[in-house]
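Those sequence lines, one after another, are chains A and B.
Residues in the first sequence are numbered from 1 upward in steps of one, following my numbering.
Residues in the second sequence are numbered from 1 upward in steps of one, following my numbering.
Some clues are possibly wrong.
Rough simulated footprint, nothing fancy, chain B against chain A, three-plus residues with beta-carbon under 8 Å [claimed, not checked]:
| hint | segment |
| --- | --- |
| 1 | 86 to 94 |
| 2 | 103 to 117 |
Calculated cross-link-like contacts (lysine-lysine; reagent style DSSO-like; alpha-carbon spacing at most 27 Å) [unchecked claim]:
| hint | chain 1 | residue 1 | chain 2 | residue 2 |
| --- | --- | --- | --- | --- |
| 3 | A | K113 | B | K179 |
| 4 | A | K214 | A | K242 |
| 5 | A | K107 | B | K179 |
| 6 | A | K242 | A | K49 |
Short, incomplete list of chain A residues facing chain B, as computed with Cβ under 10 Å [what the hints assert, rightly or not]:
| hint | residue |
| --- | --- |
| 7 | N54 |
| 8 | D75 |
| 9 | H79 |
| 10 | I81 |
| 11 | S82 |
| 12 | T147 |
| 13 | V154 |
| 14 | L160 |
None of these hints come from the bench; they were simulated from the model.
Ideal Cβ positions, reconstructed from N, Cα and C, are used throughout, including at glycine.
One-letter residues, chain by chain:
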Amino acid sequence: MNPAASAPVKIDVRGLTKRFGDLLVLDNISFQVARGEFLAIVGPTGCGKTTFLNCLSKLIPTSEGDIFIDGRVADPRVHNISFVFQEPTCLPWRTVRENVAYGMELKRFPAEKIRERVDTMLGLVGLSETQHLYPNQVSASMVQRITVARAFAVDPDLLLMDEPYGQLDVKLRYYLEDELVKLWQTLKATVIFVTHNIEEAVYVAERILVLSNKPTRIKAEVKVDLPRPRNLIDPAFVAIRKEVTELIRWW
Amino acid sequence: MAYEEVKVRKPLGLILLPFFSIFCFFGAWELIVRLGIVPATMLAAPSAVGNLFVEKLTNPNPDGATILVHAWVSMQEAFLGYLLALGIGLPLGLFMGWFGVVRGIARPIFELIRPIPPIAWIPLTVFWFGIGLWGKVFIIWLGGVVPCVINAFVGVRMTNPTLIQMARTYGASDWQIFKTLCVPSALPMVFGALQIALASCWTNLVAAELLAADQGLGYLITMGRRLALPDMVVLGMVSVGVMGALIGMVIDQVEKRLLAGIRR
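Just chain A, same shape as in the assembly (with noise of 0.2 Å):
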């Protein structure tokens, strides 16, 4: 499960075990990600992607195997880790900028350093109008903005996204999908994108795990080898969606 041969691996997960007790839920997963690759994660509802990305962010401990950013050990304190978590996680009590620069505070960026790429990301996402609103004075779709915002603000080594646009409408839905890949083709992240939506998937990745159920181990990889910006009805982009859904059908 190599990725693209040109770019160097970034993340390298290895032999990822995950149990609950006497439960198994994820099964000796591996793979590799290429620094700046956009890698997606599909499957079945309930097939563990929650418990895998907390395992990924090391957010909880694998039972064995583990996870590697440039040849080390993921360290949250140590390397960059963005998570866009699927319910908001703006802090209310601070404005769109204060949240903006919440991670890199965390981190002791420099106070310049974050001033500058506070603007920066506010300038990309278009929230530099409302940077001193608070996040209950702006629309749901800002909302989650602000998160994708600081999430690429850290410059992280691994950005991880759980269903981040999973609340949202359609049409909102496709507009952010539209920012979030030029956010990425703009700064360069290293992203795992988890969702249940195909389609989604399919639009926003360069490559598709497909999980099965539990316990979860990888059924396949898809490659999404089409131009951007993508049309949804393309024969081909339709071909790659029908090839994903016939993966994860459990019916």
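With chain A held as given, fit chain B onto it using these hints.
Structure of chain B alone, referenced to chain A:
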């Protein structure tokens, strides 16, 4: 600006309603006494209390001090006790909420002391501090510290776990999480504590002064009872009520300013 805050105007009726409510309350009270439904020896009419208030502004008799002196003494005691309660109770509660070690040490002792009403401490307090200022401050402090600890503790425990996970993925330390997530999350509860503790302190103030004092609003009430002067009793009670309400309003304003993002 495109994103200007929307201001909603309250209808005039709603603005006047509180004043109307207070007017009716005092009006009914005055009538009850004037019409003799309750004899004047048992309850003083608001007009009588008002007259006594004006008189007590300058006349220290028969209880030994003017109303302003009484109020000032009570204020000092209450605020000392209140500030000490905040200064000790809030940090203790906040730390208990986040740090397991502090919780392990402080919680059992706190749970034991908590059910004892502050008045039960009065005898010991007299042994320790005599009947001066600090004995009363101690009683008042006891009343105020309990809600401070509980509210700050609960406030920290209510911190959204997803926010904590988010901070963890950014590599935040325990102290950073405490400072940047737990404390701000607890603020609404902490401001609740400011109000509850104040009410508690103010209540215990009267209790403390009933026991041993020669000045203060609680003492004014005691003297009113001893001298069988219902208007003096009511004046003491009303003064306690009005001052408590005023302080509560100030705290409410401060809270609104500080919690702009959360309350809006």
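- Given pair status - A/K49, A/K242, alpha carbons within 27 Å: Given that 27 Å is the threshold and the Cα spacing comes to 21 Å, the pair holds.
- Query: Given as covered by chain B, does the segment 103 to 117 of chain A meet the bar of three residues or more with CB within less than 8 Å?
  - Reply: holds (count 4)
- Message: Hint check: A/K113 vs B/K179, CA-CA at most 27 Å. Holds or violated?
- Response: holds (22 Å)
- Does the CB of A/L160 sit less than 10 Å away from some CB of chain B? This interface hint holds because 8 Å falls under the 10 Å limit.
- Identify whether the interface hint at A/N54 stands, where standing means a beta carbon of chain B within less than 10 Å of its own. holds (8 Å)
- Interface restraint verdict for A/S82 against chain B (beta-carbon cut-off 10 Å): Where the cut-off is 10 Å and the nearest Cβ of chain B is about 7 Å from A/S82, the hint holds.
- Message: What's the verdict on A/K214 and A/K242, does the C-alpha distance respect the 27 Å limit or exceed it?
- Response: holds (22 Å)
- Query: Holds or violated: is the Cβ of A/I81 closer than 10 Å to a Cβ in chain B?
  - Reply: holds (5 Å)
- Message: Using the nearest Cβ pair, does A/H79 come within less than 10 Å of chain B?
- Response: Holds, about 8 Å.
- Task: Answer holds if the nearest beta-carbon of chain B is closer than 10 Å to that of A/V154; otherwise answer violated.
- Result: holds (7 Å)
- Task: Go through the hint on A/T147 and say holds or violated, using the shortest Cβ distance to chain B against 10 Å.
- Result: Interface hint status for A/T147: holds (8 Å vs cutoff 10 Å).
- Closer than 8 Å, Cβ to Cβ, for at least three residues: run that test on the segment 86 to 94 of chain A against chain B and report holds or violated. With 6 residues closer than 8 Å to chain B, the segment 86 to 94 of chain A meets the three-residue bar; holds.
The structure shown violates none of the earlier numbered hints.
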